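Chemist: Each chain, letter by letter, is given below.
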Amino acid sequence: MTYPLPFGELHGVFGWLYELLESTGLPQPWLDVVRYAALGALVFGVISLLALFLVWWERKIAAHIQQRFGPMRHGWHGWYQTVADAVKLLTKEDILVDTRDKFVFFWAPVICFVAAFLAYVTIPFGEGLIVADLNIGILYIMAITTFTIISLLMAGWGSNNKYALLGGIRSAAQLISYEIPMVASILVVVLFVGSMSMVDIVEAQSGWITNWYVFRVPFGPIAFITYIIAATAEANRTPFDIPEAEQELVAGYNIEYSGMKFAMFFLAEFANGFTVSAIAVTLFFGGWHGPFLPSWVWFLLKTLGVVFLLMLFRWTYPRLRVDQLMEFAWKFLVPVTFANLILAAWMKYAGWYW
Amino acid sequence: MAELRTEEFTVNMGPHHPSTHGVCRLILTLSGEKVIKIVPVIGYLHRALEKICENRTYAQCIPVMDRFEYVTAMSCEYLFSNAAEKLAEIEVPERAEYLRVIMLELNRIASHLIFYGVTAMDIGALTPFLYGLREREGIIDLFEMTCGQRLTYNYIRIGGVSKDIPPQFEPKCRETIKTIREKLNDYEGLLNENPIWLVRNKGIGVLPADLGIAYGVSGPVLRASGVKYDIRKDDPYSIYDRFDFEIPTRENGDCYDRYLLRLDEIKQSLNIVEQALDALPEGDIKAKVSPNFKPPAGEVYARVENSRGELGVYIQSDGGKKPLRVKMRGGSFNQLQVLPEIGTDCLVADLVAIFASLDIILPEVDR
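Residue numbers (the working numbering), protein chains in the order written: chain A, 127 to 480; chain B, 127 to 493.
Because the hints were derived from the structure by calculation, they are not lab data.
Among the hints, a few may not be true.
Unchecked claim - Simulated restraints on C-beta separations: (1) Y427/B x L222/A: 36 to 46 angstroms; (2) I339/B x K214/A: 45 to 55 angstroms; (3) F458/A x G158/B: 20 to 30 angstroms; (4) L324/B x L222/A: 34 to 44 angstroms.
Unchecked claim - Where chain A lies over chain B, by a calculated footprint (3+ residues, C-beta under 8 angstroms): (5) 131–144; (6) 253–263.
Claimed, not checked - Coverage of chain B stretches by chain A, computed from C-beta distances (three or more under 8 angstroms per stretch; other residues unrestricted): (7) 182–189; (8) 239–250; (9) 338–350.
Quick caveat, the model's predicted, so the values are computed rather than measured.
Idealized CB from N, CA, C, for every residue including glycine.
Let's have the full structure, built from the sequences with the hints guiding it.
Modeler: This is the structure:
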């Protein structure tokens, strides 16, 4: 696809860089390389910073729920604890199992991380702060995050470990099942907006807070609740964290991974947690809209609020069993979301909505 | 369409596994996620404690007993002291008996609090573990205040107890009781009615009463199946006949009932401790017993109700200063034997829940 401007929607923010490069007289192909490299580095920087922050934040929240302090030693309330952890993981020995499937074992964390990474391309962080405003934005995110399933299956298979295999199979079953109610919840919003572009969806919710889709009774709240349940499962978090159920499968699919390979899974998990929250904010909470503060601050605040909700779930609830999880998806979530979708479609057709 | 080939596979659950509570190894035959065969392998912690006791004087056996079942070490100490006292017909002072009961019951509460936390953690709720240990801390502080130790106390000795309680013990103890009573409501609010907790525990791992009796299961696990059997009432030892307390029972014998029953027991134990504190008499804390005392030749079996069922010791004496033979009987051993009966034909996740609800402690199984 082609962009009207060299940095797409971000041109207003990074255009000066491009103009600077242009003034050096480099040929056009080189400029393109620089442009894409800069965009990639930008997304990578954002995702890494966010994941590092979320790891620290989760540890603090868990600690305070459990009446502990959590990390306290490194900086103010241990703020660079996760930086230290990341450095440790980078420099750690990469322990490999002899019986692994070399190709699959190596590529699993890469695919997992890249899938989490690519999803950030169409997330609107603020007004004009989107790497590419695809006209199929939300569909693109759903498609890209599905790669996670493949990577988890690959990790489970490539490790040649029975616990890992069980974890991989569990994750495939779970993620495929919860994809359906998730998409059906998202479709309700897409139906009302009439567009899959993330920017269009946010623009449709401008103005008063009542324009947020979460307040469009009765479909909005139902869609949001079913979405957040399915999203918790998509992000592999308690009460749906059966792929890596520590007490049953020890660590699940990532049992044989260590060092940076493990870190990639770990960061991808937190990045996915942020992605599903960002989608929730974009679809249901008006995206970047908000008074006084800059748009990206509003977006981050709202998204972190949703992330906080996911973290509360995690540190409060026990875990479901694998068959109960599937039953819940197929016998409850799927019928509810489809009924909601059909009802919403009919109301839209009849024109009974505001 | 080609026929799919399926096969069962064997998984080693343990000895290093987060939810086997120590070093128990279960050889599981799985068909997909379904457990079709369980073979427990024990003995990783075998230290030959019974044999070690035969090479020590009676007084030296007490610290060994602490290592027998360290989560409720007090009951093991009491058990051995009681057996030796029965053998040598030693009269224990009144105050010492009261102190023993206080310590035994506090230790039972501490053990059940650990159970609460660990079970919740095995089902995937990580937070209750910290809460359980937080309240246990108050009890452990009381022990530390009294005898200087937090896990292996060496407090109950033959003929009495080693030290009297300090003056600040009683107010601190009452405060701890009050805190635990308050916090128990929080615990129940967090899990008892939680729908996920209910579907994970209700109807899982049902132990019929007759099967439990056939396997020699005792304690909370048997009482959760509806059998009202508690040695504190049925064969009272120490001064338990003086206290007013109930033996809670439940009907279904599933994981959920075993969990609720232990919470009920905590409440009853709190009552006993309070009554004992109210009635605590003044006086000696230890009868005069020589460290090298020689009980007359004979044999004795003593038993107590600890937090995991009937704990018993059989001592044979030839009149020397060391016991001739010592044989222990622990509740966890029988509970582990019944696991293959109630744990097969369920999913791996259920097996973890059942294992947690039996509250097995491996040092006691392995001796």
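Chemist: Work down the list of hints and note, for each, if the structure agrees.
Modeler: Against the structure, the hints come out as follows:
1. Y427/B x L222/A: 36 to 46 angstroms: For L222/A against Y427/B, whose Cβ atoms are near 56 angstroms apart, the range 36 to 46 angstroms is violated.
2. I339/B x K214/A: 45 to 55 angstroms: 54 angstroms, holds
3. F458/A x G158/B: 20 to 30 angstroms: 23 angstroms, holds
4. L324/B x L222/A: 34 to 44 angstroms: 43 angstroms, holds
5. 131–144: holds (count 4)
6. 253–263: holds (count 4)
7. 182–189: Check failed, 0 qualifying residues.
8. 239–250: holds (count 5)
9. 338–350: This one is violated; 0 residues, fewer than the three required, reach chain A with a Cβ under 8 angstroms.
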